[in-house]
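Order-wise, the sequence lines are chains A and B.
So for the first sequence, numbering that gives the first Met the number 0 puts the first residue at 0; every next one is plus one.
So for the second sequence, numbering that gives the first Met the number 0 puts the first residue at 0; every next one is plus one.
To list a few chain A residues with every Cβ distance to chain B over 12 Å, as calculated:
hint : residue
1    : Y15
2    : Q64
3    : R134
4    : N143
5    : S155
6    : D185
7    : R191
8    : A218
9    : T294
10   : P302
Which residues of chain B face chain A? A partial, calculated answer using Cβ under 10 Å:
hint : residue
11   : V281
12   : A283
13   : A284
14   : G288
15   : L289
16   : E291
17   : L304
18   : L305
The calculated lysine to aspartate or glutamate pairs, modelled on EDC-like cross-linking and capped at a C-alpha distance of 20 Å, are:
hint : chain 1 : residue 1 : chain 2 : residue 2
19   : B       : K292      : B       : E278
20   : B       : K124      : A       : E61
21   : B       : K292      : A       : D84
22   : B       : K167      : B       : E94
By construction, these hints were calculated from the structure, which means they are not laboratory data.
As the structure is a computational prediction, the values presented were derived from the model and not from experiment.
Note that beta-carbon positions come from the ideal geometry of N, C-alpha and C, so glycine has one too.
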Amino acid sequence: MSGAPLLAVTDLTVDYHTRAGEVRAVDGVSFTVETGQALGLVGESGCGKSSLALALLRLLPESAQIRQGQVLLEGVDLLALSANDMRAYRWNRIAMVFQSAMNALDPVYRVGDQIIEALEQHPSAVSQDPAERVRELYDLVNLNHNSIDRYPHEYSGGMKQRAIIAMALACRPDLIIADEPTTALDVIVQDRILRELGNIRRELNMSMLYVSHDMAVIAEVSDVVAVMYAGKIVEYGDAAAVFKRPIHPYTRALMSSFPSVTGEKHDLATLSGEPPNPLDLPSGCHFHPRCPFATDVCKEQAPPTVRRGTQWADCWNPPGDEADG
Amino acid sequence: MAAYLLKRTVQILLTLFAFICIVFFLVNAQPGDISNVYALNPELPPDAKQRMQEQFGLNQPLWQQFLVYVKNVLTGSFGLSFSHYPRSVADVIGERLPRTVALFFTATVFSFYMGFVLGKIIAWKRGGWTEYATTLGGVTLYTVFTPWFALMMIWLFAFKAGWFPIGKFLDPVLWRDAPLNANTLFNRMMLTVFVVSVIVFAIFLVTTRRRVAGARYIQIGSLAAAAAVTVGIWWSTDVGHLAWDLIEHMILPVLTLTIISFAGTMLLTRNSMLETMREDFVLAARAKGLPEKAVRDRHVARNALLPVVTSLVFSLAFAVDGSVIIESVFSWPGMGQTLVSAALAEDLPLAVGAFVFVGIFVLLAHLAVDVLYVYLDPRIRY
Ligand SMILES: Nc1ncnc2c1ncn2[C@@H]1O[C@H](COP(=O)(O)OP(=O)(O)OP(=O)(O)O)[C@@H](O)[C@H]1O
Ligand SMILES: [Mg+2]
Chain A
0 MSGAPLLAVT
10 DLTVDYHTRA
20 GEVRAVDGVS
30 FTVETGQALG
40 LVGESGCGKS
50 SLALALLRLL
60 PESAQIRQGQ
70 VLLEGVDLLA
80 LSANDMRAYR
90 WNRIAMVFQS
100 AMNALDPVYR
110 VGDQIIEALE
120 QHPSAVSQDP
130 AERVRELYDL
140 VNLNHNSIDR
150 YPHEYSGGMK
160 QRAIIAMALA
170 CRPDLIIADE
180 PTTALDVIVQ
190 DRILRELGNI
200 RRELNMSMLY
210 VSHDMAVIAE
220 VSDVVAVMYA
230 GKIVEYGDAA
240 AVFKRPIHPY
250 TRALMSSFPS
260 VTGEKHDLAT
270 LSGEPPNPLD
280 LPSGCHFHPR
290 CPFATDVCKE
300 QAPPTVRRGT
310 QWADCWNPPG
320 DEADG
Chain B
0 MAAYLLKRTV
10 QILLTLFAFI
20 CIVFFLVNAQ
30 PGDISNVYAL
40 NPELPPDAKQ
50 RMQEQFGLNQ
60 PLWQQFLVYV
70 KNVLTGSFGL
80 SFSHYPRSVA
90 DVIGERLPRT
100 VALFFTATVF
110 SFYMGFVLGK
120 IIAWKRGGWT
130 EYATTLGGVT
140 LYTVFTPWFA
150 LMMIWLFAFK
160 AGWFPIGKFL
170 DPVLWRDAPL
180 NANTLFNRMM
190 LTVFVVSVIV
200 FAIFLVTTRR
210 RVAGARYIQI
220 GSLAAAAAVT
230 VGIWWSTDVG
240 HLAWDLIEHM
250 ILPVLTLTII
260 SFAGTMLLTR
270 NSMLETMRED
280 FVLAARAKGL
290 PEKAVRDRHV
300 ARNALLPVVT
310 SLVFSLAFAV
320 DGSVIIESVF
330 SWPGMGQTLV
340 SAALAEDLPL
350 AVGAFVFVGI
360 FVLLAHLAVD
370 VLYVYLDPRI
380 RY
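Could you build the full structure based on these sequences and the hints that come with them?
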């Protein structure tokens, strides 16, 4: 993993204009994604994960504004492109699997035709005949060919999810953004689809940005993990390192709130309290009101970055090295 | 599909029966007795009175009269019109119903199309004075007092500008030596339009469904060709100028109806579009890199169309009372005018016949909208 990264996001900041005031949903976020790498973005509901994902494709609603930052895809700043040039990047280079994948298919068109629509929009992406490509994609995601000409309402939840993934893969994008794509499915189907998505991605050497609030899912799919709290990335590092020795108390709390492989729950430092009100963020470290290790300095000043190899976190009181097992 | 349509047809037949019963009881509940009208009418010869009495069972008790009435309705024999004596009710209606159907069908198609396109545009370009002006203008026209507006249209475009004839169905001078009668010609014109529409619609359907290359050009081309051929053939016949005379008399009423009714569809389309724009599949369509126009037309408008088509059913009721006003103001001898004059002349057989036929027509139109909806929304379970 050397050379220029596929995607480099620097200092990305997104505000929503609401009646109550400006809401900063994404606050100076920077990260990179290498070719073939899966970055897991994890955080509680409302911390700005979807806003970040949509900002990359410039698909935010009109009430949102990207205040500053850069989104470089192989050196091209997507935020500086004209609307027309941007359309050529959508789906062709960066495809998306949406949070509510259940409603991401248009109910009045056949599913196969909706995939063909994407292929016809980017004719240079795939040289095959579109109908042939759809059959190939259906094989890839384990869907039966005879459902190609069916309508979305004739699909089960799991089938829709597979179709959505097939659609995202259609133009062989470099990066797939998956925003909690499996939340509406039952655990068994969710697990199987996740594993398949991971396999396909590795086979095709595609990069992925996987967004979830669920640490267990993130642990399963990602090579690198970014933990987000109140619009900021608070911890970042190789998945193995972060899961072995988390630095930030928030990461530790998130990890303790999912059952371990043996099924028992770690009870230490369970996450208490509510996520902060984005209109009235706590001073200093935004996490301090919920942090069991908070000291006076946490309330007053933004925390410094603590590094441990490639892993880093923003915290005043990182656990001492001797405390880790 | 067949099962669904069968179910709807049965429902509609039941509704029709209920409607027929209501018409009977309304007619019998009103002051004045049908038998008196006939008995005291000096214009009716005695043998005609006798025939009518038998036909309507006037000397029998009410429940038997009801049975006779139902039998008459089912066999389509409404007897002789009293104000058009000796023509039969069926004959009068057969002459006038097609005119009203033509007038309102044309106006409905125009106003629906116009309302839908405008609604689509103002929903997409929110804010700004275009939306404001269109909405204000549309609502003003929608709520304007119809008879006054119709008279203003006549005054402006027929009287002052002289672009259109002032009311009526045809120009009698032109028709003095006409080789055929106006109704025959009118029915032939309607038949032509119907056949041509079916052919063009079939071409649209096949090219869209089969994903034929260049479907758009084939469709526009076939539409233009069909229009050119139809006009050409009619022009070359010796009744072309007469057909044009009928069309000329239709333009102003159709225009008036379109202008006063498009705003309903427009506002409904606008709201439906705004609702649909929030759906995830619209975001997905954008994420696919589709141009804004394709997102708007192919995804948002196509889905927003569904509730708007449902509302067509309600506008059918509007068409019935609209026909009474518009036909009276434009002296257009259709069903609306027939209903009013039959009621004023106490021509009960004609009034009953007109009611029943208007009812049948509205219910058939309802069925047609249902079929259209099934075609548009794949989620309907057949
Ligand atoms: N359209 C909007 N208008 C105003 N504020 C918004 C809008 N969408 C999101 N927000 C605000 O931005 C913040 C981040 O929202 P976002 O949807 O990105 O969070 P998320 O991490 O994806 O949450 P979830 O896990 O629930 O999907 C929240 O505080 C939310 O209230
Ligand atoms: Mg989200």
